[in-house]
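2 protein chains.
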Amino acid sequence: MIDRLVSGRRQPTTTELGPGDDAAVVRCADGRTAVSTDMLVEGRHFRLDWSTPHDVGRKAIAQNAADIEAMGARPTAFVVAFGAPAHTPAADAAELADGMWAEAGRLGAGVVGGDLVQADSWVVSVTVLGDLAGRAPVLRSGARPGATLAVSGDLGRSAAGFRLLWDRMAGFDELRRRHLVPEPPYGQGAVAADTGAQAMTDVSDGLIADLGHLAVASQVGIDVFTEGLVSDHLALVAAAAAVGEDPWSWVLGGGEDHALVAVFPAAVPDGWRVIGRVVDGPARVLVDGASWGGAPGWQSYDSGAPLR
Amino acid sequence: MIDRLVSGRRQPTTTELGPGDDAAVVRCADGRTAVSTDMLVEGRHFRLDWSTPHDVGRKAIAQNAADIEAMGARPTAFVVAFGAPAHTPAADAAELADGMWAEAGRLGAGVVGGDLVQADSWVVSVTVLGDLAGRAPVLRSGARPGATLAVSGDLGRSAAGFRLLWDRMAGFDELRRRHLVPEPPYGQGAVAADTGAQAMTDVSDGLIADLGHLAVASQVGIDVFTEGLVSDHLALVAAAAAVGEDPWSWVLGGGEDHALVAVFPAAVPDGWRVIGRVVDGPARVLVDGASWGGAPGWQSYDSGAPLR
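These protein sequence lines are chains A and B, in that order.
Following the UniProt record's numbering, the numbering of the first sequence begins with 1 at its first residue and continues without gaps.
Following the UniProt record's numbering, the numbering of the second sequence begins with 1 at its first residue and continues without gaps.
Treat the hints as calculated values from the structure; they're not laboratory data.
Quantities reported herein were computed from a predicted structural model and do not represent experimental measurements.
Beta carbons: idealized from backbone N, C-alpha and C, even for Gly.
Hints are not guaranteed to be accurate.
As the list claims (entries may be wrong) - A partial selection of chain B residues facing chain A, derived with a Cβ cut-off under 10 Å:
1. Asp38
2. Ala81
3. Leu116
4. Ala241
5. Ala242
Chain A with its partners taken away, still in its complex shape (with noise of 0.2 Å):
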């Protein structure tokens, strides 16, 4: 089964020992690697009656590595555990590898290795290396009073498409799509980087709940401006009004779009919108100058409501 997964697949220069051994071996051209891991579980981070085994391939690989991008980094190769029941088809595991290739090779990164072992449901557990090729990576903790707040990336798809599947709405197929395969700004975060941004994260919880990450990181305030996030709202009028839910909550308070916000000192690069602006201090988020009164963020399918 393993040699199924494995085998044909090319991978990057920067893998210099692919699997089959007892651990890969990755280049790391400047002395140092990003790493971050973030674990998928069936139920609460997909459900297989809404997404193939390829998108969710697809989305593991995709918000681990939005958390290279959001360092200012460049992933250069995965690792991937993978824990399922003895009855599952080998056709769906290899469509899953398949799908974390697909997401890779966009990246120009690598699957160097894994794990296969068995489990009650679906388990993946994905670990990504990253390249931050000379330059320091970006924190959470360097935003300054002054600075101007921008994103890369659309903000409220995801959120958009959860509630699209969960009332069964036909039709908006794009943002439900995004819900089961979000799309990253892959290589804004070393564009950011390289612009002399101040911090800089990705959008996993919510915008509001991430930048109050990067607030009490940075022990700012910041001050989020809705003209700026009128085309991510204009995005999703037509869908909320189907659900009868406000866009701005989606738009505020959505995640797992995995958009890159970072604070830029001056000016803003290519590829990000001006969206807000760093104040001094109590730490917090404010929306036009006012509390924002919706929920923060997003915390997988945890409603209570039954999965499966």
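Fit chain B to the given chain A structure using the hints.
Leaving out everything else, chain B in the frame of chain A:
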């Protein structure tokens, strides 16, 4: 909760950035990092009625570390994804982390990041990074006829301990401990590499099974001499008699001790025992020149017996 797991830990100098941001940053001084991942599933790789959370943490670190040792590298950093039910006591998670730090500390390595998610039962997924310090990785594929097979560490203890636990047999505490927490021969992987080892792997599935992987990768035969394994046999005779087992089945077929087996072109370094010889192909493993009739290895708690 995550704060409680990461606060107050002392990172090694190789950890340039520890937990708390989107990713960690780890030094890899020679421009490469070895990487490996292993997932442990409750009821399959450990039982919470046998193991304390501290034991589970130590085991998860130890078995990942052994994969890095088996390349001739030294473990530097671990990332950990932990899935557990919502009702899991915070103290259990803290104890798991303490066990991981205790074992990582024996290696001079750090736990640099992680993820904490809800799951139906405990799932512990660990990824380890390792430093080759300029050495070529020692693969499974380099064994040549005429070379000497040697082992560092003990064999059969984990399998004996498992059987004693399974049979609820009193006594033999040390063997039971060795099933719950393996003791790989830390540091000996690098020693083997520095002594010119042609090939190496760790004993995770069982001596005959793992040597089989090495024999296939190297396209050689391997002849194991039981006279080199007398000390392992002797250590298990009393426990084997108590449960009515042949101690050789544990020495030759028992997994999870995470001893290292390596092939040396000439002299064997201190800390290693000669246990056989590499011969011309076909790729197969013989014991004292003949086929071994017992089980070649072990595959977790896969007997079909109900666990919990």
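Evaluation of the provided hints:
Because the beta carbon of B/Asp38 sits about 5 Å from the nearest beta carbon in chain A, less than 10 Å, this interface hint is met. Interface hint at B/Ala81: satisfied, since its Cβ lies 4 Å from the closest Cβ of chain A, which is below the 10 Å cut-off. Taking 10 Å as the C-beta cut-off, the interface hint given for B/Leu116 holds, the closest approach to chain A being about 9 Å. Annotation: B/Ala241 was flagged as interfacial toward chain A, and the flag is violated, the nearest CB pair being 33 Å apart, outside 10 Å.
Taking 10 Å as the C-beta cut-off, the interface hint given for B/Ala242 is violated, the closest approach to chain A being about 30 Å.
Hints 4 and 5 from the list above are not met by this structure, while the remaining hints are.
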